[in-house]
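Student: Sequence:
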Amino acid sequence: MKKLIEMIFSIECLIFALMVWFFLWSYTWMTNESKEDKVKSLQTYENIKIAEELIAKELNKDIKNIKLFDNRNGIELNDQKWVEEDMNCNVKTDDGKYKVYFNVKKIVDKEMNIEMYAPKNIEKLVRE
Numbered sequence: 001m002k003k004l005i006e007m008i009f010s011i012e013c014l015i016f017a018l019m020v021w022f023f024l025w026s027y028t029w030m031t032n033e034s035k036e037d038k039v040k041s042l043q044t045y046e047n048i049k050i051a052e053e054l055i056a057k058e059l060n061k062d063i064k065n066i067k068l069f070d071n072r073n074g075i076e077l078n079d080q081k082w083v084e085e086d087m088n089c090n091v092k093t094d095d096g097k098y099k100v101y102f103n104v105k106k107i108v109d110k111e112m113n114i115e116m117y118a119p120k121n122i123e124k125l126v127r128e
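If you're matching positions, the sequence shown starts at 1 in the numbering used here and goes up one per residue.
If you're looking for bench data, these hints aren't it; they were derived computationally from the structure. There's no promise every hint is true.
As the list claims (entries may be wrong) - List time: in silico BS3-like cross-link candidates among lysine-lysine, alpha-carbon distance up to 25 Å: (1) 38 / 110; (2) 120 / 38; (3) 61 / 49; (4) 3 / 49; (5) 61 / 38; (6) 105 / 67; (7) 106 / 124; (8) 124 / 67; (9) 99 / 64; (10) 64 / 40; (11) 81 / 49; (12) 67 / 49; (13) 40 / 81; (14) 81 / 97; (15) 124 / 92; (16) 124 / 57; (17) 49 / 105; (18) 106 / 57; (19) 57 / 97; (20) 110 / 97; (21) 99 / 110; (22) 40 / 105; (23) 49 / 38; (24) 120 / 81; (25) 124 / 81; (26) 38 / 81; (27) 57 / 120; (28) 81 / 92; (29) 105 / 35; (30) 38 / 106; (31) 110 / 35; (32) 49 / 2.
Claimed, not checked - Cβ pair distances, simulated, as ranges: (33) 121 / 71: 38 to 46 Å; (34) 72 / 103: 14 to 22 Å; (35) 10 / 49: 57 to 65 Å; (36) 41 / 63: 17 to 25 Å; (37) 79 / 5: 54 to 62 Å; (38) 49 / 97: 16 to 24 Å; (39) 65 / 23: 48 to 56 Å; (40) 96 / 23: 25 to 33 Å.
Each residue gets a CB set at the ideal place from its N, CA and C atoms; glycine is no exception.
Please construct the entire structure, taking both the sequences and the accompanying hints into account.
Tutor: Laid out in C-alpha cells, this is it:
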C-alpha cells in the first residue's frame, strides 16, 4: 500500500512538473510572438511612410492625398503587416488609381533575428 501511494505521488509530481514546463514554454512562445509582431508593426509603419514619400515625389502630390492599399484584399496598408519581399500596392490619389511596384532592401532585426524588407525605390508605377 505504501509503495502504491509513493508511485501515485511520483506520477502526480511528474504531471505537475510537465504542466509547469508547458506553461513556461507557452508563455515564452507567446511573448516572443508578441515581440515579433511589434517589430513587424513598427517596420510596416516605416515602410508605409517611405512608400508614401516615394510616391508623392514621383507623382508630384501631397502625401495627404495618397492612400495605400493591399493588392490582394484591397485593405488599407495601415491595417496589416507590409514587410515581405514582394512589396507592391495599389494607390488612390485625388486624380486616380495606380499600381506601384517597389525595389526593396533587406532589413534584419538583430534582437529578434527577423528578416524583413523595406521599399528602396519605385520600380514601376502604372496608372489604372
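Student: Against each hint, give a clear statement of whether it holds in the structure.
Tutor: Now the hints, each set against the structure:
1. 38 / 110: Holds, at roughly 14 Å.
2. 120 / 38: holds, 22 Å
3. 61 / 49: holds, 14 Å
4. 3 / 49: Violated, at roughly 69 Å.
5. 61 / 38: violated, 31 Å
6. 105 / 67: holds, 22 Å
7. 106 / 124: holds, 19 Å
8. 124 / 67: holds, 17 Å
9. 99 / 64: holds, 18 Å
10. 64 / 40: Holds, at about 24 Å.
11. 81 / 49: Roughly 13 Å separates the two Cα atoms, so the pair holds.
12. 67 / 49: With Cα atoms ~11 Å apart, residue 67 and residue 49 stay inside 25 Å; holds.
13. 40 / 81: With a Cα-Cα distance of about 7 Å, the restraint between residue 40 and residue 81 holds, given a limit of 25 Å.
14. 81 / 97: Cα-Cα ~22 Å, so holds.
15. 124 / 92: Answer holds: residue 124 to residue 92 is near 16 Å, not above 25 Å.
16. 124 / 57: holds, 14 Å
17. 49 / 105: holds, 15 Å
18. 106 / 57: holds, 23 Å
19. 57 / 97: holds, 16 Å
20. 110 / 97: Between residue 110 and residue 97 the Cα gap is close to 37 Å, so the pair fails against 25 Å, i.e. violated.
21. 99 / 110: Violated - the C-alpha atoms of residue 110 and residue 99 are around 32 Å apart, more than 25 Å.
22. 40 / 105: Answer holds: residue 40 to residue 105 is near 15 Å, not above 25 Å.
23. 49 / 38: Holds, at about 17 Å.
24. 120 / 81: holds, 17 Å
25. 124 / 81: Answer holds: residue 124 to residue 81 is near 22 Å, not above 25 Å.
26. 38 / 81: Distance of about 10 Å is within 25 Å: holds.
27. 57 / 120: Within the cut-off at roughly 13 Å; holds.
28. 81 / 92: holds, 19 Å
29. 105 / 35: holds, 22 Å
30. 38 / 106: holds, 18 Å
31. 110 / 35: holds, 13 Å
32. 49 / 2: It is violated: about 71 Å lies between the C-alpha atoms, which goes past 25 Å.
33. 121 / 71: 38 to 46 Å: violated, 18 Å
34. 72 / 103: 14 to 22 Å: Holds, at about 20 Å.
35. 10 / 49: 57 to 65 Å: holds, 59 Å
36. 41 / 63: 17 to 25 Å: For residue 63 against residue 41, whose Cβ atoms are near 20 Å apart, the range 17 to 25 Å holds.
37. 79 / 5: 54 to 62 Å: Once the Cβ atoms are compared, 58 Å apart, the range 54 to 62 Å for residue 5 and residue 79 holds.
38. 49 / 97: 16 to 24 Å: Because 21 Å falls inside the window, the suggested range holds.
39. 65 / 23: 48 to 56 Å: holds, 51 Å
40. 96 / 23: 25 to 33 Å: About 54 Å separates the Cβ atoms of residue 96 and residue 23, which means 25 to 33 Å is violated.
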